[in-house]
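A.B. asks: One-letter residues, chain by chain:
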Amino acid sequence: MNSFTLTQATATDEAVRDLTSHDGAAYLGGGTNLVDLMKYNLERPTHLTSLGLLPLTDITSLPDGGLRLGALATNADTAWHPEVEKRYPLLSQTILAGATPQLRNVATNGGNLNQRTRCYYFYDLATPCNKREPGSGCSALTGPNRVCGVLGTSESCIATHPSDMCVALAALEAVVRVQGPDGERTIKFEDYHRLPGDHPEKDNTLKPGELVTAIDLPEEGYADHFTYLKLRDRSSYAFALVSVAVGLKMNGNTIEKARFALGGVAHKPWRDQEAEKMLEGQTASPDLFRQVAAKVFAEAKGYGEDSLHNSFKIELGKRAIVRALKQATEMSQVVNPNVFLNSNP
Amino acid sequence: MSQTIATPPTVRLDSDVLGKPISRTDGPAKVSGAAKYAAEFGVTGPLWYGYIVSSPIAKGKITKIHADEVLAIPGVQHIFSHENVPSLAWFDRNYKDDVAPGGSPFRPLHEPEILFSLQPVALVVADTFELARYAASVLRIEYDVEKHNTDLEASIGEAYDAPRGKTGFMPPPKPKGDMDKAYQEAPHKIAGEYIHRAQHQNPMEMFATTVDWLGDGKKMKIYDKTQGAPNVQQYLMKIFSLSTDEARVISKFTGGGFGSGLRPQYQVFLAVMAALELKHSIRVVMTRTQMFSFGHRPHTLQKLRLATDDLGQIQALEHKALHETSQFENYTETIVNWAGVLYPSPNTNFDYQLAKLDVYSPLDMRAPGAATGSFALESAIDEMAYAANVDPLDFRLRNYSYEDPIENKPFTSKRLDDCLHEGAARFGWDQRNPEPRSMRDGNQLVGWGVAAGCWDASMQKAAAKAVLSADGHLTVSSATNDQGAGTYVIMTQMAAQTLGLPMKQVTFNLGDTNMPAAPVQGGSWTANSVGAAVKDACQGIGKKLLKLAQKMDNSPLAGVDFEDAQFVDGYIRANEDITRSVAIADILAASGEEKIEADGKAGPNPINMLKYSMHSHNAVFVEVKVDEDLGTIHVTRVVNAVAAGRIMNPKTARSQVLGGTVWGLSMALMEETYLNNELGRFMNHNYAEYHIPVNADIHKIDVIFVEEQDDIASPIGVKGVGEIGMLGVAAAIANAVYHATGKRVRELPLTSDKLL
Ligand SMILES: Cc1cc2nc3c(=O)[nH]c(=O)nc-3n(C[C@H](O)[C@H](O)[C@H](O)COP(=O)(O)OP(=O)(O)OC[C@H]3O[C@@H](n4cnc5c(N)ncnc54)[C@H](O)[C@@H]3O)c2cc1C
Ligand code: SF4
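If you read the sequences in order, they're chains A and B. Heads up: the first sequence begins at 1 in the UniProt record's numbering, then just goes up one per residue. Heads up: the second sequence begins at 1 in the UniProt record's numbering, then just goes up one per residue.
Hints listed in this document are in silico derivations from the structure and should not be mistaken for laboratory results. The beta carbon of each residue, even a glycine, is placed where N, CA and C say it ideally should be. Be careful, since some hints might not be right.
[Claimed, not checked] Simulated DEER-style distance windows between Cβ atoms:
1. A/Asp-23 <-> B/Glu-193: 53 to 61 Å
2. A/Ala-126 <-> B/Pro-606: 43 to 51 Å
3. B/Glu-130 <-> A/Arg-194: 30 to 38 Å
4. A/Asp-191 <-> B/Pro-28: 37 to 45 Å
5. B/Lys-147 <-> A/Asp-23: 40 to 48 Å
6. B/Arg-440 <-> A/Trp-80: 47 to 55 Å
7. A/Ala-126 <-> B/Ala-154: 20 to 28 Å
8. B/Tyr-687 <-> A/Thr-5: 27 to 35 Å
9. A/Leu-53 <-> B/Ser-469: 57 to 65 Å
10. B/Glu-193 <-> A/Trp-80: 44 to 52 Å
11. B/Lys-36 <-> A/Asn-41: 27 to 35 Å
12. B/Tyr-687 <-> A/Trp-80: 19 to 27 Å
13. B/Asn-605 <-> A/Ala-126: 34 to 42 Å
[Said to hold, decoys possible] Far from chain B by the CB rule (all over 12 Å, computed), these chain A residues:
14. Ala-25
15. Ser-50
16. Ser-61
17. Gly-66
18. Trp-80
19. Val-106
20. Glu-173
21. Lys-207
22. Glu-280
23. Ala-298
24. Glu-299
Kindly produce the complete structure, drawing on both the sequences and the hints.
C.D. replies: Listed below in structure tokens is the structure:
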């Protein structure tokens, strides 16, 4: 870790001004990711603009029926917020499936969106990694890559975005509000994170100096038919191997509207709008779910066959979609199968 | 005072503490933060910090170190590397510690050659930790990179028979009969190949050393994270030509070891070298990543063949193992011998080989070798039982070894059969439908599996000292270690029981080389070895007290031999007539002595070792529930029945077995260090990606102790429970998964992808 200066900004435009007036500056949210990266000497900001005092911690209803999540609200406060629990239980569950209570208590919503990949090589300076050092190569293409992706990958990078929360935000079609040196703008969630292509060093479409101020949720929260299925190597405190967030609107056994997104498989929360359309207007059935799952992974590419390598995610991902859709339609078991509930305790 | 009390004391038995579930005496210090670990001790003068720089490559040579740029940073004191390391002891033997395997031990900063990835290549010393870390991050080092090989499977052709060299190494047993012929002719047979990759011990406390430079010649107080202060002291004395006074090693608390702290790690070498060169106090702490830079449970490939006759009696048994070692040492552990101890067979064959890779030497990790061997062996036994159409529990009883089949020696005690019976009863094994895939709970497949385990009951030389002060307080000390096992409390119990004192009147101290020597804490031998030494020291005090009592006027104990006296609740009493008693407090008062001291020692009995086979055993029963579509496995119930001689403290012993069970589950389902062969480097070197269980993974665990009366394995009847609890668990889980799903997985860990 190098030495750095720090400013505690108290207003949003002050924060943007502070950051843009320093070379090599970074925004500091809860610090649960950035500070780790600094300790690993991967991120070397010489100045930090701390967002801790910004008045962006509220969660408020919007006139259009939606809900605005302040960028500085903590993951914990968001997950346990009564409106979120009631109207967007998918989001609530998804946040609670991530990290640990301690981390969620300090991690912010803005920071969650911008957390970096968990690819092993990204975290180890001794190894080639295009995302960390463009042009150095991608160690994960052939090396152990259980954490890496199988959809939308490129030969430059096969990393995944590690967030759980963002998987729900993708399914919920959230909108990200940002403020930059040139003023405010909004970004549709599907456009917020990007695929690696030739520039894996760029995780998202934020422009230099832009600050996330809020995340807006549209009115529909799919509170009657939703699920978050997170498959991982242990019951908690592990990133997803594959996860699926589903929100459905049902009429009897007919699916009227379907939104779903996958985590753990791509450089961004993975949505497939064609696959969603395959569900709409149809009667829920295992066959249909299997067809949808097959469609989602039709173009998937695995990177190695043994258990250290990630090809298994293609089959696991398909099964996860089928199970998640079943859970959301039936609303019978909305618990994470990773957390075992003994039927006769 | 001449009047002695003749009335018998009321029998409260405050001192009858051995075998009781007493809480750790060190517990309050640990949970309140008062317990100090190696990196937490203050020093007399100012403290400097050393940060270790690790090699990014697995093989090659350092060609240039740009130290000057970094030394120019204010506050950076020094940079040690092979270029300026002081001249030290020359011979390999000086670098050998008690636990070193055969070969040439690694010498930190000795030469420019790189032998393994993450090898320490420099130590940056600065005024603060943050500065040292920063300076280390900008230190430029150039390397000539050479082609490395870390691929075990690609190195099978270069494997060689494991040589001797490591203390306690047992070569594979000699073959018996004609394995191939018996196997071919047998009606039922199975063969399987088993694999697990490297696993790291990962104790919570990072390896750390704080050297307090006392400014008096070369005198240092060396606070070290280790499982054996005396082993570290000997190592340092030989390398740096120090006296015991100069290299005093202290390790009061150890935040987990699991074998990683058996050998002195390189941070203690670096810290002591720097302190001696700079004549200054220094602290060196490894990073979590660096915790993956030394020993590990080796990546191991195993093959088993088994065959039975029509009655399910084993006729042929073959167990072969091959694992990695470093280029510089022949690390060995006992993997294939257990099959020979547990299951008699007229035809056997055993084989044990090593292959050299560009990695650091593996290092004993809880139940080294046995955990590995037992997974393969007990999986194969299960498979064999199915092939022979015998219940897996019956199969183990039918093929029970009543004496050690390898050496044809009797066991000092062996109640594995009772472990199997009692465990089965507690678990409800008789309700099991043997048919795979026959049991369900909702949409989950249910599987029940069993496995047995075996570990050595061994003893090492150990010493202790006991001091009884005039106020009646007993202080006992030994330079042993408590890595969390409960040594503090069980030794206090042993001392209290021996001298008939209440626990609160007894203090046990450990972890200081100024105390009588003790072996490293490993091998499950501490309770036995140090316990016997503590007892011996306390008996020494007892003998002196009895003599003093007998000098008192009209002593009621006149003419009573030590063997005929008992020490209970603060009194010495005659066995024959307990009304003949004297209070220890009165003896001390009458004697006018300021304190009474005695030394104690214990060690193995070589004649018994020749005549007998000494082992602890366990039987593990497991229930799993498997979501077959998603491959998730939950271990919903475990019964672990253990026969390990006398249990000194059922509470701490149970904790040991619980911990062992959890670790067995961890080995079965999660643990694996990902080696990237192209980079020659372990990649998941942190707690986020090296998975061990969380609370939500652990469900009901039942521990049963089947006590054994065994005065031959140990003078105090104790076999130790440090490792035994882990054995059998991984195999029982794999067997349960087979029972649930019909799938036999022979590769650990059993991650969900292996069931898809
Ligand atoms: C051990 C561990 C386990 C974890 N497990 C999980 C898990 O299972 N699932 C999961 O989803 N997450 C997990 N996390 C990640 C955790 O969710 C993130 O670290 C956290 O959400 C980041 O939020 P923060 O406020 O601390 O971000 P910071 O660390 O402060 O910032 C992260 C990045 O975002 C930028 N940033 C912060 N705020 C803003 C803003 N308002 N506008 C623009 N840029 C901003 C920072 O500059 C930085 O680049 C885990 C983290 C750890 C350490
Ligand atoms: S997958 Fe991406 S993050 Fe991982 S090594 Fe390759 S380039 Fe780096």
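A.B. asks: Could you run down the list of hints and mark each one as holding or not?
C.D. replies: Against the structure, the hints:
At about 58 Å, the beta-carbon gap between A/Asp-23 and B/Glu-193 stays in the expected band of 53 to 61 Å. A hinted range of 43 to 51 Å holds for the C-beta pair A/Ala-126 and B/Pro-606, which are about 50 Å apart. Evaluation of the 30 to 38 Å hint for B/Glu-130 and A/Arg-194 yields a pass: the beta carbon distance comes to about 35 Å. For the pair A/Asp-191 and B/Pro-28, the supplied restraint of 37 to 45 Å is violated, since their beta-carbon distance comes to about 56 Å.
Look at B/Lys-147 against A/Asp-23: about 41 Å separates their beta carbons, and that is inside 40 to 48 Å. For B/Arg-440 and A/Trp-80, the Cβ-Cβ distance of about 36 Å falls outside the hinted range of 47 to 55 Å, so the restraint is violated. Checked against the given bound of 20 to 28 Å, the beta carbons of A/Ala-126 and B/Ala-154, roughly 22 Å apart, stay inside it. The supplied range of 27 to 35 Å is met by B/Tyr-687 and A/Thr-5, whose beta-carbon atoms lie about 31 Å from each other.
A/Leu-53 and B/Ser-469 have their C-beta atoms about 59 Å apart, which keeps the hinted 57 to 65 Å range intact. Checking the proposed 44 to 52 Å range against B/Glu-193 and A/Trp-80 shows it holds: the Cβ atoms sit about 50 Å from each other. Distance hint check for B/Lys-36 and A/Asn-41: the Cβ-Cβ separation is about 29 Å, which falls inside the suggested range of 27 to 35 Å. Under the hint 19 to 27 Å, the C-beta atoms of B/Tyr-687 and A/Trp-80, about 26 Å apart, fit the expected range.
Here the CB-CB span from B/Asn-605 to A/Ala-126 is close to 51 Å, at odds with the stated 34 to 42 Å. Interface exclusion of A/Ala-25 from chain B stands, the closest Cβ pair being 19 Å apart, more than 12 Å. Consistency note on A/Ser-50: stated as away from chain B, and its beta-carbon is indeed over 12 Å from all of that chain's, at 19 Å minimum. For A/Ser-61, the condition that its CB be more than 12 Å from all CB atoms of chain B holds, with the nearest at approximately 34 Å.
Listed as outside the interface, A/Gly-66 is consistent with that label: its C-beta sits roughly 34 Å from the nearest C-beta of chain B, beyond the 12 Å cut-off. Listed as outside the interface, A/Trp-80 is consistent with that label: its C-beta sits roughly 19 Å from the nearest C-beta of chain B, beyond the 12 Å cut-off. Once the 12 Å rule is applied to beta carbons, A/Val-106 is consistent with being away from chain B; the minimum gap is 16 Å. Once the 12 Å rule is applied to beta carbons, A/Glu-173 is consistent with being away from chain B; the minimum gap is 27 Å.
Against chain B, the non-interface label of A/Lys-207 holds: every CB pair exceeds 12 Å, the least being about 30 Å. With a minimum CB-CB distance of about 25 Å to chain B, A/Glu-280 clears the 12 Å threshold, and the non-interface call stands. Against the 12 Å criterion, A/Ala-298 stays outside the reach of chain B, whose nearest CB is about 18 Å from its own CB. Here A/Glu-299 stays apart from chain B, with its beta-carbon at least about 20 Å from theirs, past the 12 Å limit.
Of the hints listed earlier, those the structure fails to meet are numbers 4, 6, 13, in rising order.
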